[in-house]
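Number of protein chains: 4
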Amino acid sequence: MLHFENDYSRAAHPAVLEALAAISDTPYPGYGSDEVCDHAKERIRKACGKPDADIWFLVGGTQTNQVVIDAITPPYAGVVTVESGHPNVHEAGAIEYSGHKVLTIPQHDGLMDADELDEFCATFYADGNYEHMVFPGCVYVSQSSEYGTVYTKEHLRRIADVAHKYDMPLFVDGARLGYALTSSACDMTLRDLAEIADVFYIGGTKVGAMFGEAVVFTNRKAPKHFLTVIKQHGALLAKGFLLGVQFDALFTDDLYFRIARNANEAADRIREALRDKGYTLTLDAPTNQIFVTLDEPTHARLEEHVLLGFMEKADDTHTVMRICTSWATTREETDRLIDLL
Amino acid sequence: MLHFENDYSRAAHPAVLEALAAISDTPYPGYGSDEVCDHAKERIRKACGKPDADIWFLVGGTQTNQVVIDAITPPYAGVVTVESGHPNVHEAGAIEYSGHKVLTIPQHDGLMDADELDEFCATFYADGNYEHMVFPGCVYVSQSSEYGTVYTKEHLRRIADVAHKYDMPLFVDGARLGYALTSSACDMTLRDLAEIADVFYIGGTKVGAMFGEAVVFTNRKAPKHFLTVIKQHGALLAKGFLLGVQFDALFTDDLYFRIARNANEAADRIREALRDKGYTLTLDAPTNQIFVTLDEPTHARLEEHVLLGFMEKADDTHTVMRICTSWATTREETDRLIDLL
Amino acid sequence: MLHFENDYSRAAHPAVLEALAAISDTPYPGYGSDEVCDHAKERIRKACGKPDADIWFLVGGTQTNQVVIDAITPPYAGVVTVESGHPNVHEAGAIEYSGHKVLTIPQHDGLMDADELDEFCATFYADGNYEHMVFPGCVYVSQSSEYGTVYTKEHLRRIADVAHKYDMPLFVDGARLGYALTSSACDMTLRDLAEIADVFYIGGTKVGAMFGEAVVFTNRKAPKHFLTVIKQHGALLAKGFLLGVQFDALFTDDLYFRIARNANEAADRIREALRDKGYTLTLDAPTNQIFVTLDEPTHARLEEHVLLGFMEKADDTHTVMRICTSWATTREETDRLIDLL
Amino acid sequence: MLHFENDYSRAAHPAVLEALAAISDTPYPGYGSDEVCDHAKERIRKACGKPDADIWFLVGGTQTNQVVIDAITPPYAGVVTVESGHPNVHEAGAIEYSGHKVLTIPQHDGLMDADELDEFCATFYADGNYEHMVFPGCVYVSQSSEYGTVYTKEHLRRIADVAHKYDMPLFVDGARLGYALTSSACDMTLRDLAEIADVFYIGGTKVGAMFGEAVVFTNRKAPKHFLTVIKQHGALLAKGFLLGVQFDALFTDDLYFRIARNANEAADRIREALRDKGYTLTLDAPTNQIFVTLDEPTHARLEEHVLLGFMEKADDTHTVMRICTSWATTREETDRLIDLL
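Chains as they are written, first to last, in the numbering used here: chain P, 1 to 341; chain E, 1 to 341; chain V, 1 to 341; chain U, 1 to 341.
Same shape as in the complex, but just chain P (with noise of 0.2 angstroms):
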């Protein structure tokens, strides 16, 4: 069975799980206060071009997003998303576990439109009820997105500059980060990132590690006694120097990077497959997720040979699926799979 169901069904890159091996006998102190996570936020921050950036390792994403959209939104304000926002759909309502809404504005392809921001807000504040309502409080968007598209520099800039009008800190969850900076679309490098965002981070997860999201607070300290909210929200790691080895690794020699454009090479080589053998994709996304428009007869044929992921029923006889590559995609899977197309 080939596996293109999505980007998080390895262990780990091999030179993770090599630095794992490598610090297995050595004792650390508890919860990230160990040189190890000293030294992979300092790589981070070199790569970052920020040396005064504040960064915490996290385990996972929708934890990610909890604890910090709840950290740095007020409490009579909520978090400005896209309807096809992570935070929206697919994390059980946990943000609004944390007392929060989710205020969401159309997607475009998965990306929020600025001036739509910008509207919205208006709106909000022109409305002679805002005070019982909910805030705009800060913003969320995904590079890349949940559709696999990407923000270019100038459209994330622009958003950023619409939320710093109204206040609110942008926040960009990068759970995809890796395959958006190396998708030929985007013309954004880490460093532009770190720039334009108040807080971002660099998934692990998905891009190489075990686990693990590297959050960075780019132009300011993290919210005070940040370290005690993590643990109140119960997303301390004990071994938090198992993230810092992990991001140690990933951030040598480039190596996030590096495997991520992999992901992007191989989907971009079944992009052209299936635009060759006139198939639809359901949107033109430039990095790992393909999402693809299958009528009945192909989705039953290719899935007796691979693992898809589903997306959404486009009508009675077609159905979208998703083709997810990775960091461990192999150039011969890529080649099973035109094979099959």
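Bear in mind the hints are in silico, worked out from the structure with no lab data behind them.
Check before you lean on any hint, since a few could be wrong.
Treat identical chains as interchangeable: a pair holds within one or across any two.
With a Cα cut of at most 27 angstroms, we get these calculated DSSO-like pairs of lysine-lysine [as the list claims (entries may be wrong)]: (1) Lys277 <-> Lys50; (2) Lys165 <-> Lys313; (3) Lys165 <-> Lys221; (4) Lys313 <-> Lys221; (5) Lys153 <-> Lys277; (6) Lys313 <-> Lys153; (7) Lys165 <-> Lys224; (8) Lys221 <-> Lys46.
For this one, chain P is given, so just place chains E, V and U on it according to the hints.
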């Protein structure tokens, strides 16, 4: 100045204030465990035709929505409402504060469509990822709606059927229940409502009381230890007998419905005048809320003499305003308003 | 039957009900944005000697504690109170419902010891693991306390000093503030309190109002968008003017303190009689709450004629009961009680 | 430097890391729906003698306590624990964050007394005001306790009986379960525990795993839609198979208990040496945690060579320190420590 800006601008109906005065020298036990409350509950049970209904008095509408929805919705679930539903728009995130997501479907003149509710739930359970999503856990509708429209018996019964099909209780917000049930467009009685809804409330704040909402659990007891749950939400009134005495007065000699009818009659006369004079009714609402689209000169002229409620900007030169009658609106006030139109 | 079971068994002082009747035909805007509230606030500011105090009206005590403590306590912190503090014992977990831990230190006849508060905080910050613990975030005391005792000016100032030393605001629950400040044992005025506390409330429910607590932020504005925070807690009264009119009446001609004094005078006479007749006062409390340890025969005999409040079983044959006077207690009722003793 | 500061300073047991390496090239489905997890659960069910136990893997201890306690405790209730219980002291308010109060009773060398639990509940239900208080909703104990002590079978069964008498499930925190069950002072097996507790967890983080806690619902299914509840808390690991593979290794050939026993043997030797050399053991704890009261010179001397854990200041010249062994402590390390004493 004429007051048509809302239906909660006057203290209370004289009969309510008299009832209050009549008991002002009598001591009662606290927290609603008094005979006045018992008596009022008995009257309401009778009016509902539900001798076993479990009845609780709360102070305000948002509070009631928060407490009831939190109590009847499972922890992994949210409340389904139309987009214009009060908990989604004008409760400052009180539902999310209690940990639950507000799940929205489209509104049609403020009302929910039973088929769309069915489709929303069917789509949810058909989604391969539904365990990562917020379950639909209860259904909220308001009677009358935020736009002054009403559900017919058949309409509401279909919504209840869909709710029950997916194992959800139906909760009816009756902040303006009096105005709904006495509307010429409504074929539903209080007994009908008590047959259809699993829990609903009879709004006092907007229909003659100083404050107070009577929550009716029709087919079963309130959730376990509901008094403690109310207290936990900071919603338990020390002098609960103040709630009892008001509802006792309102359910004596049909007062609640008689004074509600007054508001509808005034609204009907205003609606007729608006139509006669060529105004554009934004919405065809048959209760005490009238939505009318005004051009700027008319808007400016009216505002010199009448307080109206702001609804929204229709376009650059038109505004949707609400004319709201109440149990207290006099024939003279209505005449003066009509003259001004 | 004589009523000495609590101080919230009667609707309201006649002057409050008259003030209510006087405005019952006048329409007012909603949610406290009315001139009656403005006027009442101005009176309270004057009585406090704080022309810039920020004042808000809420409905009940537990609600006020929940809203205020949640609003002034950082997310990673809890509220420090003595073990007998109302939020710790009798609020059904309303503070925890809002996400904060109640941190307790010992009580001494219901009062907090400033040195113990200091030591609690010092121990906290000296603990190597304090980042894994709940920070002390604000200090709660009640004046008078749950046991009827009072803080002197010097006592409260020392608590405030310790609170500020650890960067915590001091919040004083004044559900029975009138009874405290008019007690012969209390050397503190309302102005003194307003100098010492960062935020406190003037209890109306138990001192002459139907309901209502006036929250006073003395040295600064309420937390940002406090109206929205109140609404989010389901605690915003639609007809806010009902709160304003009551406090306006209570702060006209010193009514609030005059009627409070009545309760203390009655209590003083009862205490004297108890001592004369050889009863055991459980506690030396100088306000309107008297705690007395009764043997079973006496207890049984009294309960035939008087309603008392249950405090706790002292041992197998004795019970601690509370005799509670109020603003409404008459000379005749007090005489009859004394005769019965 | 010798490391005796805690039992979570090393990555994982070699067998765990080998098992991880062995599956690192295999793709698995997400969120624990994989065969590795199934296999590990089957092993645990067998070890528990509970073929129908419902088993879930979570990442860390505080997280597990928060998720489980929130899920099994009614909304109007709290969790009963001894004062020294981890959720009360060292979880940064994670329980309160989830809306529940932590109700405390005294600890006796870290353990709960069944009679005191009974009395606490009896007093609660005998209190006339109990509906205004937080109900006891579940019971939490830790095996071994925060002080390294253990419950015998009889002791724990009596606590379970009291819990059940008041309709509460008994939840046993087994963060250090291996060290408890292999202690010479403990007459309880895993099967015994599974008979007595309603839900417990087998701690991996401190006993050989990189991370991970296996929650066992012994007599019934987990609360409805528990996966969604986990996700809502931000606690669902994407690569759930990483948890499965670790527990599969730990429950192969009794590894979990074998390596736990190693820690106890090391601790026994250290305890013996301490006694021989005249040290004061603060507590008679029979597991891998040794609490010893050190005078300043000894403390200073030891700290030059050994990392210990801080417990508390005993007095001005003495400190209670924790010596903690683990599955990874070697004979040589123990010898060196003993030489230093």
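We went through each hint and held it up to the structure:
no.	hint	in the structure
1	Lys277 <-> Lys50	neither (46 angstroms within a copy, 54 angstroms between copies)
2	Lys165 <-> Lys313	between (39 angstroms within a copy, 23 angstroms between copies)
3	Lys165 <-> Lys221	both (21 angstroms within a copy, 24 angstroms between copies)
4	Lys313 <-> Lys221	neither (44 angstroms within a copy, 33 angstroms between copies)
5	Lys153 <-> Lys277	neither (33 angstroms within a copy, 55 angstroms between copies)
6	Lys313 <-> Lys153	neither (33 angstroms within a copy, 34 angstroms between copies)
7	Lys165 <-> Lys224	both (24 angstroms within a copy, 18 angstroms between copies)
8	Lys221 <-> Lys46	within (17 angstroms within a copy, 42 angstroms between copies)
Violation of the numbered hints given earlier is confined to hints 1, 4, 5 and 6; the remaining hints are satisfied by the structure.
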